[in-house]
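6 protein chains.
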Amino acid sequence: MSLTHVNEQNQAAMVDVSAKEITVRIATAEARVTVNETVAAQFDGRDFVSKKGPVFQTAILAGTMGAKQTSALIPLCHPLPLDSCKFEVAFEGREAVIRCTCKTTGKTGIEMEALTGASVAALAFYDMCKALDPAMVIHGVRLLEKTGGKSDYRAESP
Amino acid sequence: MSLTHVNEQNQAAMVDVSAKEITVRIATAEARVTVNETVAAQFDGRDFVSKKGPVFQTAILAGTMGAKQTSALIPLCHPLPLDSCKFEVAFEGREAVIRCTCKTTGKTGIEMEALTGASVAALAFYDMCKALDPAMVIHGVRLLEKTGGKSDYRAESP
Amino acid sequence: MSLTHVNEQNQAAMVDVSAKEITVRIATAEARVTVNETVAAQFDGRDFVSKKGPVFQTAILAGTMGAKQTSALIPLCHPLPLDSCKFEVAFEGREAVIRCTCKTTGKTGIEMEALTGASVAALAFYDMCKALDPAMVIHGVRLLEKTGGKSDYRAESP
Amino acid sequence: MSLTHVNEQNQAAMVDVSAKEITVRIATAEARVTVNETVAAQFDGRDFVSKKGPVFQTAILAGTMGAKQTSALIPLCHPLPLDSCKFEVAFEGREAVIRCTCKTTGKTGIEMEALTGASVAALAFYDMCKALDPAMVIHGVRLLEKTGGKSDYRAESP
Amino acid sequence: MSLTHVNEQNQAAMVDVSAKEITVRIATAEARVTVNETVAAQFDGRDFVSKKGPVFQTAILAGTMGAKQTSALIPLCHPLPLDSCKFEVAFEGREAVIRCTCKTTGKTGIEMEALTGASVAALAFYDMCKALDPAMVIHGVRLLEKTGGKSDYRAESP
Amino acid sequence: MSLTHVNEQNQAAMVDVSAKEITVRIATAEARVTVNETVAAQFDGRDFVSKKGPVFQTAILAGTMGAKQTSALIPLCHPLPLDSCKFEVAFEGREAVIRCTCKTTGKTGIEMEALTGASVAALAFYDMCKALDPAMVIHGVRLLEKTGGKSDYRAESP
Chain A
1 MSLTHVNEQN
11 QAAMVDVSAK
21 EITVRIATAE
31 ARVTVNETVA
41 AQFDGRDFVS
51 KKGPVFQTAI
61 LAGTMGAKQT
71 SALIPLCHPL
81 PLDSCKFEVA
91 FEGREAVIRC
101 TCKTTGKTGI
111 EMEALTGASV
121 AALAFYDMCK
131 ALDPAMVIHG
141 VRLLEKTGGK
151 SDYRAESP
Chain B
159 MSLTHVNEQN
169 QAAMVDVSAK
179 EITVRIATAE
189 ARVTVNETVA
199 AQFDGRDFVS
209 KKGPVFQTAI
219 LAGTMGAKQT
229 SALIPLCHPL
239 PLDSCKFEVA
249 FEGREAVIRC
259 TCKTTGKTGI
269 EMEALTGASV
279 AALAFYDMCK
289 ALDPAMVIHG
299 VRLLEKTGGK
309 SDYRAESP
Chain C
317 MSLTHVNEQN
327 QAAMVDVSAK
337 EITVRIATAE
347 ARVTVNETVA
357 AQFDGRDFVS
367 KKGPVFQTAI
377 LAGTMGAKQT
387 SALIPLCHPL
397 PLDSCKFEVA
407 FEGREAVIRC
417 TCKTTGKTGI
427 EMEALTGASV
437 AALAFYDMCK
447 ALDPAMVIHG
457 VRLLEKTGGK
467 SDYRAESP
Chain D
475 MSLTHVNEQN
485 QAAMVDVSAK
495 EITVRIATAE
505 ARVTVNETVA
515 AQFDGRDFVS
525 KKGPVFQTAI
535 LAGTMGAKQT
545 SALIPLCHPL
555 PLDSCKFEVA
565 FEGREAVIRC
575 TCKTTGKTGI
585 EMEALTGASV
595 AALAFYDMCK
605 ALDPAMVIHG
615 VRLLEKTGGK
625 SDYRAESP
Chain E
633 MSLTHVNEQN
643 QAAMVDVSAK
653 EITVRIATAE
663 ARVTVNETVA
673 AQFDGRDFVS
683 KKGPVFQTAI
693 LAGTMGAKQT
703 SALIPLCHPL
713 PLDSCKFEVA
723 FEGREAVIRC
733 TCKTTGKTGI
743 EMEALTGASV
753 AALAFYDMCK
763 ALDPAMVIHG
773 VRLLEKTGGK
783 SDYRAESP
Chain F
791 MSLTHVNEQN
801 QAAMVDVSAK
811 EITVRIATAE
821 ARVTVNETVA
831 AQFDGRDFVS
841 KKGPVFQTAI
851 LAGTMGAKQT
861 SALIPLCHPL
871 PLDSCKFEVA
881 FEGREAVIRC
891 TCKTTGKTGI
901 EMEALTGASV
911 AALAFYDMCK
921 ALDPAMVIHG
931 VRLLEKTGGK
941 SDYRAESP
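From first to last, the protein sequence lines are chains A, B, C, D, E and F.
Quick note on numbering: the numbering used here labels position 27 of the first sequence as 27, and the sequence is numbered without any gaps.
Quick note on numbering: the numbering used here labels position 140 of the second sequence as 298, and the sequence is numbered without any gaps.
Quick note on numbering: the numbering used here labels position 112 of the third sequence as 428, and the sequence is numbered without any gaps.
Quick note on numbering: the numbering used here labels position 57 of the fourth sequence as 531, and the sequence is numbered without any gaps.
Quick note on numbering: the numbering used here labels position 47 of the fifth sequence as 679, and the sequence is numbered without any gaps.
Quick note on numbering: the numbering used here labels position 65 of the sixth sequence as 855, and the sequence is numbered without any gaps.
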């Protein structure tokens, strides 16, 4: 029942994780949004409200729901049960900082969920503020920390 | 790597269930739809067929598929594997009664799946009959029973 | 190329709207959630915050996103572009009132979007408060008003 | 709390798998697409590129993502975690052959995921080539092999 | 702002339809499922009911909902509003025949919706009957007819 | 039928676009991924193939499909028909550059689709290469250009 493989080396394929151990896996990712002074001035120390509604609240909910869609968005990602998804948000000068921590009990890491959660939150942040500043830039989207897999990872300059 | 939290108390976040035990969890929810006499008269004791097709059949399939979308619809809901999703439907006078029972083997309860299943079934029921009666009202959407978690729940007047 | 139809009368089928006129269509639907005193007491006149986050904010965003998923949830619903989706929320005694108004420029009505938006918002409200009161009941889910189609509709006792 | 069941025998319901054992389950399905000479001539032994892009690559990614959507597409399918999803593709004369193998560690079989993966890949293949040949036919969509459940299955003429 | 394109010829890209005319477009596709005698014997001239529920009803609803997901499943498909989606089903000897007709008012053809609708209906049919016959084969998935675009299409041997 | 609005100012709501004109709207967004030398060395001038498959191809398809999911991911985004979605990719030293151009004929701008397309493509790129370099950083996610709305936009330093 074997086929003469066509372009075996070029083909996309999900990694087989069936033999991997089930462990508690945690990943934290970050995204940053650089805003202009008009946007930064709206911030009252807790959240801020654009014409479309509360900015951070909307970003956090969008990011949480986005993290749950990770395996539907990233072609070769395994579907994973999310035990937890939490966000921390802050303003550092003219930068909104968004951190997303995801936890699963599963066979493979959860860094794509954390990165997708942070990215979708940043995109929702952009959407809420774009009337005030279309030139916002999302940057610093990266993995901060990952534990529970074969090897841990910690970003060098958090 | 800690942030000065912005609005910690106000932030939405999924509950962390990673430390909870895996148990078989069952929940039953109900929704009712009050209809006019024209709709009630269509009912033949088994199902009834509106111009758009069989009403209860469509409601049951919509509810089953809706229950599977619960964690995509409810922002802070955990994705859960559904071991089973069953519906009971009946007509009591001018009320269609829809009951949805969901079962999972997981770390957290499945009442939102049962409530979402019953609600989506009721909405599909409305959609199938709305040409006959746009004034239908969905009511009595509630949890009837829940077992398998830290504490069981049973509605007082089922 | 015609088939001997099997069970023509029983078959579900989307209504053909290709010949209908494109008009601006608006629909408003309502859902109510009856809560216990513990939940009602949390309300500060604007929103209230459960352990999981801000209740009305989460409900409004869930409802907005749910309204956009209407045609994916209701089997025979036509996909419609949403020009607008707005929520009004209030507390009347021990009842949370959720109203959802949807607008489209299209060939068919948008009442299912408004009803789905209100229902999903009510389900998210339940999810945010269920630790305080699992006995909450969603009721009064109904169409309040619909304009722009062949015939307008207005509920008798709004 | 029991209802007089309406049309018990007719009602759709997911099978209850809560009592079934968790095992590693594997299924392989196949789909074939018959193409005209113009399409077949494009093939270079590895892949071929239509005006819309690389055909097999697109089919494989579409099939992988489609396999992950199986429980959202097939009404009574249980949601299952996918441990792996791999495709083999080949050209046999004027037939494109697409094989999809899915693996899960779960309570129920994964043949619908393999069949859905193969079908969606074949549909994407059609979409990529339809400008060259709208008369392509998808056929031979079937289960080749299934292991890990109560009883194994192997197609007679693979 | 131009980039040195990397692999321009190999890249997948949606066709640009912005300059195309809006017309009423109709497409009909067919899928067939070959079943064993046990399955064929269940059929009562209208529908038949497997242990999981009514087979054709479930297939028709799954196919309708699947047709609405076409642009989410097929990578380079344009999202299209569906004005209508109808199924005809029949049994011809040991073959279940499923026909899906989709209609849109838009800038590009709707054959992928009709093909996806027919395919998903056939997959749901398989799922409903697989306990009785795992060897069923889906075949003859093809476009029967297409009108409303630049050029019409009609299959040679319908 | 008016409610005493609870927290009117704080509430999230989609902007009402029903009165806006239908025009052809185009937006281009960019995302960049900084990679280590191991990843950069894989690049052959056209694409490169990681253990999981072809990197740019997978990123482009993921981004195209992600762009189509924009209104499902971003809470207050309007659903828009996509007339076109195209990607340009390149390597500039140790940076992968991803540009996404979206086109619609509609009532509101399409910049969120372009930004979401570029972001999801960058996330998929990360997923394909993360075994080689978990420290990759996504940055420079921004709108390059937007035309067709009330006012055009062009980034200062493209």
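No lab work stands behind these hints: they were computed from the structure.
Computed from a predicted model, the values in this text were never measured in an experiment.
A few of these clues could be false.
Just the calculated beta-carbon pair ranges, DEER-fashion [what the hints assert, rightly or not]: (1) A:V24 to C:D468: 19 to 27 Å; (2) E:T655 to B:R312: 41 to 49 Å; (3) F:G883 to C:I338: 21 to 29 Å; (4) E:R678 to D:Y627: 39 to 47 Å; (5) D:G519 to A:R154: 44 to 52 Å; (6) B:A177 to F:G883: 40 to 48 Å; (7) A:R154 to B:E253: 25 to 33 Å; (8) E:A767 to B:Q200: 38 to 46 Å; (9) A:G45 to F:D834: 49 to 57 Å.
For lysine-lysine, the following DSS-like pairs were computed, each having C-alpha atoms within a straight-line distance of at most 25 Å [as the list claims (entries may be wrong)]: (10) E:K683 to D:K526; (11) E:K652 to B:K210; (12) C:K336 to B:K265; (13) B:K209 to E:K718; (14) A:K107 to F:K810; (15) D:K581 to E:K683; (16) C:K336 to F:K810; (17) B:K308 to C:K423; (18) E:K739 to F:K810; (19) F:K897 to A:K51; (20) C:K423 to E:K718; (21) F:K841 to A:K20; (22) C:K423 to A:K86; (23) B:K210 to C:K423; (24) D:K526 to A:K20; (25) F:K810 to C:K423; (26) D:K494 to B:K178; (27) E:K684 to D:K581; (28) E:K718 to B:K210.
For each residue, glycine too, the CB sits at the ideal point set by N, CA and C.
Now the hints, each set against the structure:
Distance hint for V24 of chain A and D468 of chain C: a CB-CB separation of about 56 Å, inconsistent with the stated range 19 to 27 Å. Take T655 of chain E and R312 of chain B: their Cβ atoms lie about 58 Å apart, and the range 41 to 49 Å is violated. As the Cβ distance of G883 of chain F to I338 of chain C is approximately 51 Å, the hint placing it in 21 to 29 Å is violated. Under the hint 39 to 47 Å, the C-beta atoms of R678 of chain E and Y627 of chain D, about 30 Å apart, miss the expected range.
The beta-carbon spacing between G519 of chain D and R154 of chain A, approximately 45 Å, falls within the hinted interval of 44 to 52 Å. Taking 40 to 48 Å as the suggested C-beta distance range, the pair A177 of chain B and G883 of chain F conforms, at roughly 46 Å. In this structure the supplied range 25 to 33 Å is violated for R154 of chain A paired with E253 of chain B, their Cβ-Cβ distance being about 59 Å. Judged by the Cβ atoms, the range 38 to 46 Å given for A767 of chain E and Q200 of chain B holds: they are separated by roughly 40 Å.
Between G45 of chain A and D834 of chain F the C-beta distance comes to about 51 Å, which sits within the given range of 49 to 57 Å. This hinted pair does not check out: K683 of chain E and K526 of chain D have alpha carbons roughly 43 Å apart, beyond 25 Å. Among the hinted pairs, K652 of chain E with K210 of chain B is inconsistent with the structure: their alpha-carbon atoms are about 33 Å apart, more than 25 Å. Distance hint between K336 of chain C and K265 of chain B is unfulfilled; the C-alpha atoms sit about 49 Å from each other, more than 25 Å.
This hinted pair checks out: K209 of chain B and K718 of chain E have alpha carbons roughly 13 Å apart, not beyond 25 Å. As the CA atoms of K107 of chain A and K810 of chain F are separated by approximately 49 Å, the hinted pair breaks the 25 Å bound. Restraint check: the Cα-Cα separation between K581 of chain D and K683 of chain E comes to about 19 Å, which is no more than 25 Å; the hinted pair holds. Straight-line distance between C-alpha atoms of K336 of chain C and K810 of chain F comes to about 22 Å, which keeps the hinted pair within the 25 Å bound.
Restraint check for K308 of chain B and K423 of chain C: the C-alpha separation of about 50 Å exceeds 25 Å, so the hint is violated. Note on K739 of chain E and K810 of chain F: the hinted pairing holds, with a Cα-Cα distance of about 21 Å set against a maximum of 25 Å. With a C-alpha separation of about 19 Å, the suggested pairing of K897 of chain F with K51 of chain A holds against the 25 Å cut-off. Of the supplied pair hints, the one linking K423 of chain C and K718 of chain E holds, its CA atoms being roughly 18 Å apart against a limit of 25 Å.
Between K841 of chain F and K20 of chain A the CA atoms are separated by roughly 18 Å; this keeps the pair inside 25 Å, and the hint holds. A C-alpha spacing of about 42 Å is found between K423 of chain C and K86 of chain A, which places the hinted pair above 25 Å, so the restraint is violated. Distance hint between K210 of chain B and K423 of chain C is fulfilled; the C-alpha atoms sit about 17 Å from each other, no more than 25 Å. Simply put, K526 of chain D and K20 of chain A have alpha-carbon atoms about 38 Å apart, too far for the 25 Å limit, and the pair is violated.
With a CA separation close to 18 Å, the supplied pair K810 of chain F and K423 of chain C stays within the 25 Å bound. For the suggested pair K494 of chain D and K178 of chain B, the alpha carbons sit about 22 Å apart, so the restraint of at most 25 Å is met. The suggested pairing of K684 of chain E with K581 of chain D holds, with an alpha-carbon distance near 17 Å, which does not exceed 25 Å. Simply put, K718 of chain E and K210 of chain B have alpha-carbon atoms about 11 Å apart, close enough for the 25 Å limit, and the pair holds.
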